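> For reference, the chains in residue letters:
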Amino acid sequence: MLALEMFRSLPRTVAGKAMGSRMPGILSGFAAPLRLMTIDPPVVDRPGWARLRSRLSGICGSDLGALSGSTSLYFSAVVSLPFVPGHEVVAELLDDCEDLPAGTRVVLDPVLTCAARGVEACENCSAGRTNVCSRITVGDLAPGLQTGFCRDTGGGWGQQLTAHRSQMHVVPEGWSDEQALLMEPLSCAVHTALRAGVRDGDRVLVSGAGSVGLFATLALRQLTGAGQITVVAKHPHQRELALELGATEVVSPSETLRRVRRETGAFQLKPEFSAPYLLGGVDVAVDAVGSKSSLETALGATRAGGRVVLSGMPAAADLSAAWFRELELVGTYASSRHEPPVHGQSGKGAFELAAELAALEPVVQLSKSVVSYPLHRWREALDHAHAAGRLGTVKVAFDPRSSQ
Amino acid sequence: MSRPGFVLEVDDRTPPMVVHEGLGFRLENFPLGTRVVYPPESLPAVPDVDDAIDHALRHPVDSEPLPALLRPGMRLTIAFDDISLPLPSMKSPDIRGRVIEAVLTMAAEAGVDDVKIIAANALHRRMTAAELKHIVGERVFRSFYPQGDLYNFDAEDRDELAHLGTTDKGEDIEISKRAAESDLLVYVNVNLVAMDGGHKSVGIGLASYKSLRHHHNAKTMVHSRSFMDHKHSAMHHSAWRMGRIIKDTVQVFQIETTLNNDVFPSSLAFLQKREWEWSVRDQASMLAVRRGLAMAPQKARHKLFHDVRSVYGLTGINAGEVEAVHERTLEKVHAQHSVEVNGQSDVMVMGVPYLGPYNVNSSMNPILAACMGLGYYFNSYRGQPVVRKGGAVILYHPLDEGFNQLHHPSYVDFYEEVLAESTDPAVVGEKYEQQFAQDPWYIHLYRTSHAYHGVHPFYMWYWIAHALDHVGEVIWVGGNRKAAARMGFRAATTLQDALEMASGTVGSAPSITYLHNPPHLLADVR
Ligand SMILES: [Zn+2]
Ligand SMILES: [Zn+2]
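Just so you know, the protein sequences line up as chains A and B, in that order. With this note's numbering applied, the first sequence corresponds to residues 1 to 404, in that order. With this note's numbering applied, the second sequence corresponds to residues 1001 to 1526, in that order.
Far from chain B, by Cβ distances over 12 Å, these chain A residues were calculated:
#: 1; residue: Leu2
#: 2; residue: Pro33
#: 3; residue: Val43
#: 4; residue: Ser76
#: 5; residue: Pro82
#: 6; residue: Gly118
#: 7; residue: Glu173
#: 8; residue: Lys292
#: 9; residue: Trp323
#: 10; residue: Glu326
#: 11; residue: Leu327
#: 12; residue: Gly344
#: 13; residue: Val364
Once the Cα atoms are required to be at most 27 Å apart in a straight line, the calculated DSS-like pairs of lysine-lysine come out as:
#: 14; chain 1: B; residue 1: Lys1431; chain 2: B; residue 2: Lys1219
#: 15; chain 1: A; residue 1: Lys234; chain 2: B; residue 2: Lys1482
#: 16; chain 1: A; residue 1: Lys270; chain 2: A; residue 2: Lys292
#: 17; chain 1: B; residue 1: Lys1303; chain 2: B; residue 2: Lys1273
#: 18; chain 1: A; residue 1: Lys270; chain 2: B; residue 2: Lys1299
#: 19; chain 1: B; residue 1: Lys1091; chain 2: B; residue 2: Lys1116
In short, the hints are calculated from the structure, not lab data. A quick note: this is a predicted structure, and the numbers were derived from the prediction, not measured. Ideal placement from N, C-alpha and C gives every residue a C-beta, glycine not left out.
Given these sequences and hints, build the entire structure.
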């Protein structure tokens, strides 16, 4: 089968980055640790596992990070090379899998938990906090935090992959593949929104209006009692989308602090040789970019005792504010089987809630803008994904079926 | 003898005219038939200033002489106009300093020892020590400032405000507590234009936001026609209503001074003259200045202009009861500024110079430039506006001097956020004024730094409300396009382009009037 394979080790990619440029071309150029290969389809011959045909698989910010070498070495221990990327996956079952007949269309919760690994459930998995499973390097599978980062499972960027029943969520009847594709990122957004600990009427800042920021905005609006939601967007197209998805207002990066300051009646200080920050500010800030400046904006715009949610994979940043303003710094990774209660009803899984969001009209509209590429045009696809914000695209994906 | 103001009709022998535009000026060829309105030449100054001051204090109008009002043990407060007057600043010694010294001398002779001197800056920025010293003079500064007896009024110091009641129209009167509780309040004013002085001095200069909001709003400003004519200005009516209540509570001894039109120093003397009367020497210095400006970086141009100190002559000083004094003041001001203009025209052209009341020692941002042109100059009329209803106003200013972060922090937010949403003074006032007025950060900067109060940009914008209501089109020649658009205006490169753009509103052969400001003039439009 045809698949894109990440073959070079993360440390080597990091070394490559140091000598290479920051141009987007690094992703798709000669230095990219990705290649199009014909490989044997992956098989995991264990109970609960089945083969799937990938229909659509998104390109996520974390994929771009891994490919450009900007991902922390921290993650080198929880992946196994070579692997086929693609953790945002819409696929159809090639085999019957427990209660699901072959042909069923599913989306994957990519986290490879104790259930998938065939080991006894760890404490977190038992509690339904599957995204923070403690066993992601052991059991039936090679190390890999998720499908798409594990040598044994394959990923959505190949024509075929395998997945465990515990990962599968059936796509509702009548949904397009594109709509289903958005469920995984939406479920992460659900998790982010619920981790944000927003109380009714809280002022929230979402730094970034890529797919992570936009979906987080939607989830915050739909699932929490957030009051003002201010979204930081660079590009005009993102402004409109943010407003459609529930932002109260959209600001450009350069005006963020000024706007938050005025709306919250905060004081603004300007330290020497660095960016200004606020005393006072929003109750909750969500960093949906992960860059140093985005994270520092979030830290600097949050009131003392407020909460800063790391939704993008974060870069090294000045954490003085977290110390000095006693901020709660909260990470949010993937999504969980049992999310905290929403509007009084408890125990729903992130995918369940994501399915509700994905059925909303603005998301249906958004799904129509998903752009897909055949595997052999991977360089173009990655360049496009890298420039997605500027080009007004929310999601770029591979369609491995069109790569015969 | 000085010559009165003058209206010239441009014909084929008319030389190009000086038009101010920020930190520079251009020479413009106006279309044939354009009316150019020149301010009157400077009135003669009183020969002996100290003598005039002494005479005014000892022979006031409708009041006992100042020495008779002073007694030991009394509480005396002297308030004075802040840095926004006169424009440009006066060469040392400032007239206010000389008057204050005279008042203090009389107070000392009478044995008064409880004296405070307050800058009546209302919601304007606090002046620096150097700026205060420039106004009151070295001696007064040294004797009062270090002890804290000479200070800027703080309209946000709740403990130092007194509510004197409300007018029959429900307007709050809240002013400096020290002033309100004094046995005598002496106000020392500089009356550069007809808008200043009278009940505006105490009632506005020493008032808080709570009081100012009753007349500083879009509705009142639209109905002030004009600001230079207090009998036809809704803002003045309000100030007068308040002033009469202040008079009932506080004994006010008003001292108003009027200045002549000598605003340019000798190096720029040609700007004071009518172009066709320029001597060879004037021509040469004009060319030298233009060459210098063309080569100088922005910073140097800024310094060149902002360092200008004027040698105004004092044309009169009157003291005593507020309204009686103000009557006499207005006579002098009108004598200096009035020019008879026959009928309105389709297009009004004005150059906006580098300086307005709110950017002394600072920079003129686009909002201030708009206020200068469409607030000050547009409203410099009696009778009816120079431009007809629905006509076009053409202004000259680059609109790009940037925002001074120290002086105008709330302007940036106003410009970026408020104007982005609406440029309608009534709409923005309704929606945002309160927020800006009560913003704790702006209040902090106003009280402790040198920032204009958070609400100040709104006042600037209200001030142009009458012009926006009256004219059909505003075009900025040489203006930054983005800035003009942000404010709801258009920009053109040349006067020809501007007239072309305005032709949809005023036709292709409009009547044009150019107000040759500065020095200041007041168009008496019949
Ligand atoms: Zn992802
Ligand atoms: Zn586990």
